[in-house]
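Please work from the sequences and hints to get the whole structure.
Okay, here's what each chain looks like letter by letter:
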Amino acid sequence: MSLDTPLLSLLLGLAAILAFAGANGIVLVWVERKVAGRCQRRPGPLHVGPYGLLQPLADALKLISKQLITPRRSDRLLYWGAPLLSFMPVPICFLPLPFLPEMATVRLNLGLILILSFIGLNSISLCLAGLGSNNKWSLLGAARAIAQTVSFEIPLLLAALTAVFMAGSMDLHEVMAAQGPWPWQWFGFMNPLALLLFLISAVAETNRAPFDLPEAESELTAGFHTEYSGMGFGIFFLAEYAYILIICGVAAALFLGGQQGPVAPGPWWFLAKMYALVLLVIQLRWTLPRVRFDQLLNLCWRWMTPAALLNILATMLVMLALKGA
Amino acid sequence: MFGAITKAYGALKSIAVGLGITGRAVFQEQSTVIYPMAEVKNLGHYRGHIELVGSDADPARPRCVACGQCMDMCPSGCITVETAMAPAELKTNAFIRAESIMGQLTPAAHFDVMIGEREPKRFVLDYSACSLCGQCVRNCPAGALRFSTHAYFLSRDRADFVLDLKERLAGQAEQARQAEQARQAEQARQASGSPQAEGGRTHE
Amino acid sequence: MNSAAHIVYVFHLLVILAGGLVATRAVQKDRALVGLITAMFGVAGMYLLMNAPYLALMQLMIYAGAVGVLIFFAVMFTRPAQGQEERGRYLKRPLMAVAAGLLPAATLAAGAFLFIRQAKAQAPEIPVVQLGAGLLGRYALAFELISVVLFAAMAGGVLLGFERRRRR
Numbered sequence: 001m002s003l004d005t006p007l008l009s010l011l012l013g014l015a016a017i018l019a020f021a022g023a024n025g026i027v028l029v030w031v032e033r034k035v036a037g038r039c040q041r042r043p044g045p046l047h048v049g050p051y052g053l054l055q056p057l058a059d060a061l062k063l064i065s066k067q068l069i070t071p072r073r074s075d076r077l078l079y080w081g082a083p084l085l086s087f088m089p090v091p092i093c094f095l096p097l098p099f100l101p102e103m104a105t106v107r108l109n110l111g112l113i114l115i116l117s118f119i120g121l122n123s124i125s126l127c128l129a130g131l132g133s134n135n136k137w138s139l140l141g142a143a144r145a146i147a148q149t150v151s152f153e154i155p156l157l158l159a160a161l162t163a164v165f166m167a168g169s170m171d172l173h174e175v176m177a178a179q180g181p182w183p184w185q186w187f188g189f190m191n192p193l194a195l196l197l198f199l200i201s202a203v204a205e206t207n208r209a210p211f212d213l214p215e216a217e218s219e220l221t222a223g224f225h226t227e228y229s230g231m232g233f234g235i236f237f238l239a240e241y242a243y244i245l246i247i248c249g250v251a252a253a254l255f256l257g258g259q260q261g262p263v264a265p266g267p268w269w270f271l272a273k274m275y276a277l278v279l280l281v282i283q284l285r286w287t288l289p290r291v292r293f294d295q296l297l298n299l300c301w302r303w304m305t306p307a308a309l310l311n312i313l314a315t316m317l318v319m320l321a322l323k324g325a
Numbered sequence: 001m002f003g004a005i006t007k008a009y010g011a012l013k014s015i016a017v018g019l020g021i022t023g024r025a026v027f028q029e030q031s032t033v034i035y036p037m038a039e040v041k042n043l044g045h046y047r048g049h050i051e052l053v054g055s056d057a058d059p060a061r062p063r064c065v066a067c068g069q070c071m072d073m074c075p076s077g078c079i080t081v082e083t084a085m086a087p088a089e090l091k092t093n094a095f096i097r098a099e100s101i102m103g104q105l106t107p108a109a110h111f112d113v114m115i116g117e118r119e120p121k122r123f124v125l126d127y128s129a130c131s132l133c134g135q136c137v138r139n140c141p142a143g144a145l146r147f148s149t150h151a152y153f154l155s156r157d158r159a160d161f162v163l164d165l166k167e168r169l170a171g172q173a174e175q176a177r178q179a180e181q182a183r184q185a186e187q188a189r190q191a192s193g194s195p196q197a198e199g200g201r202t203h204e
Numbered sequence: 001m002n003s004a005a006h007i008v009y010v011f012h013l014l015v016i017l018a019g020g021l022v023a024t025r026a027v028q029k030d031r032a033l034v035g036l037i038t039a040m041f042g043v044a045g046m047y048l049l050m051n052a053p054y055l056a057l058m059q060l061m062i063y064a065g066a067v068g069v070l071i072f073f074a075v076m077f078t079r080p081a082q083g084q085e086e087r088g089r090y091l092k093r094p095l096m097a098v099a100a101g102l103l104p105a106a107t108l109a110a111g112a113f114l115f116i117r118q119a120k121a122q123a124p125e126i127p128v129v130q131l132g133a134g135l136l137g138r139y140a141l142a143f144e145l146i147s148v149v150l151f152a153a154m155a156g157g158v159l160l161g162f163e164r165r166r167r168r
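Chains as they are written, first to last, in our numbering: chain A, 1 to 325; chain B, 1 to 204; chain C, 1 to 168.
Keep in mind the hints are simulated off the structure, nothing from the lab.
Derived CB-CB ranges, DEER-like:
id, chain 1, residue 1, chain 2, residue 2, range
1, A, G49, C, A133, 55 to 61 Å
2, A, A178, C, L159, 43 to 49 Å
3, C, G157, A, K323, 40 to 46 Å
4, C, G134, A, A58, 54 to 60 Å
5, A, L77, C, V10, 23 to 29 Å
6, A, A16, B, K41, 51 to 57 Å
7, B, V33, A, L77, 48 to 54 Å
8, B, Q172, A, S218, 40 to 46 Å
9, C, A18, A, P306, 40 to 46 Å
10, A, T221, C, F73, 19 to 25 Å
Ideal Cβ placement from N, Cα and C applies to all residues, glycine included.
The structure is reproduced here in structure tokens:
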């Protein structure tokens, strides 16, 4: 059986993506806790392994070995379907990300739409978790998640659309190719407002602090995943980190030139930009306090959506003027 | 429109300032101490369980006059004092007034105790029942109680938290005496300035 | 059309039918909604099979991602007390449901067979640019009509909500 068999390469690709997502989740947990510690002038994880590097592995082992508890009056099907549904879109979302020029397993010319439409499915899984748990905290967390994701999807899409207009394609590879190697040739530099709107909406879409209202610990114990124990919670957690990575990768490709760089363009530029954005998102979490719910919706509907619309209009006008000139 | 832009600018600027603060904190020195490897140095503020204060003449002998006020005042009933007559040579003719703080409407009750007439035979604190309220310290007429700085106090056995404070005072006095002796010996060695001592130190 | 495409077609058909069945027959509203979303996934798969990936992804993003989630929102706050769900007479409702399903299916089938007649062996993928030009050019009227219908539905929903609140 040669390696060229479609089925085998499909399975290998899937395994590689899942391994990447899993390893990435473990490393990012360590980075998150280390950054949290250093931001608060504490050392962070320290004792398991050198610099506490093995701490997430120990935590993962703990999560795996814990008992899975189903609350008595919950809806078993929805309750256990939710974490699975939350992780299922992850491999699909990794497919169109421009890691390598040759690695586009499925070279979709709609890569961006593919990612954005499957990331939206995450909110369904939060709903299922909230409804299935039969718990008031979970229900409130799910209600918040819905209002939040449905609202912030609009500025997110509009901001992404701005870059799509500038590049004239929805394929992330082509958007990347439309930008130059130098920072002032990146869309994020040409149109900083779009980058800003995209980043804020991305943080809100992935339910990260300061927009972590669906799981606000101090208000809703743990929000939608209050009832989940062991790997039920672990999968939600893994999916959250995977989504952060995916959306930062999209931002890096759309606005920061992806693999383009002043010296030696290649995948390492993409990875460096993606992880720089991930670090920014992590540091934001430990810098800003959580917003109130009305502030969140005001921010979306009264500030970001009009700004995104105006921005897209201005971009179109500038592009028309440039075309005419 | 212009107001909106300045408002958004202010918000973004504040986010940047916050990121700057946390970003700088990442590279600053840590302000926490990791316990088993290092200990904090400001234990002077720590208010641990109570301990007896030694008298001026003999640090091993408590100042306590065995009036029993601490026992009466303790809301948790965790202090037990057994009294005995003090040795005759300690007896003075001075009295101190032990006052009980009563309610706002009830008068303060008081009685006088002769200093040096009696002393505690045993002074036992059940730390497992103590709530660290400090009523005993506040009401001791002789100033014989204070909070200790005994911070790292762990045990698996509940009986270890029943402390004989008189024994503890004796132990503390002994430790202080030895430390003083060592200090004096060191001073004497430095004063003589013998090269032997210098050499000995480098070999260590 | 080769046999693999047939298998995929049947699979999507089964998914749609099963989802629809769950959506109509489930006692709990949240499970019914899961059935509805499953059916939407099946429809998206059908679009993919017809070589219309843009439409398939939009189906997922708008129907499964946004509309489904909004219905969830409504379900969450309209939970009836246990055992209060309405249960009609058993024979009449399935019959009516079958009739309601057959009517649009028959209309569509008649239209397809009358006007198109010859199915294409493999549909060409239409680029997004052409789709946009079509929606804003040749089919602008239909496109705008759909938005008017949606607007009417939304306004009607809001009005009904106010009406019910006033009665209480």
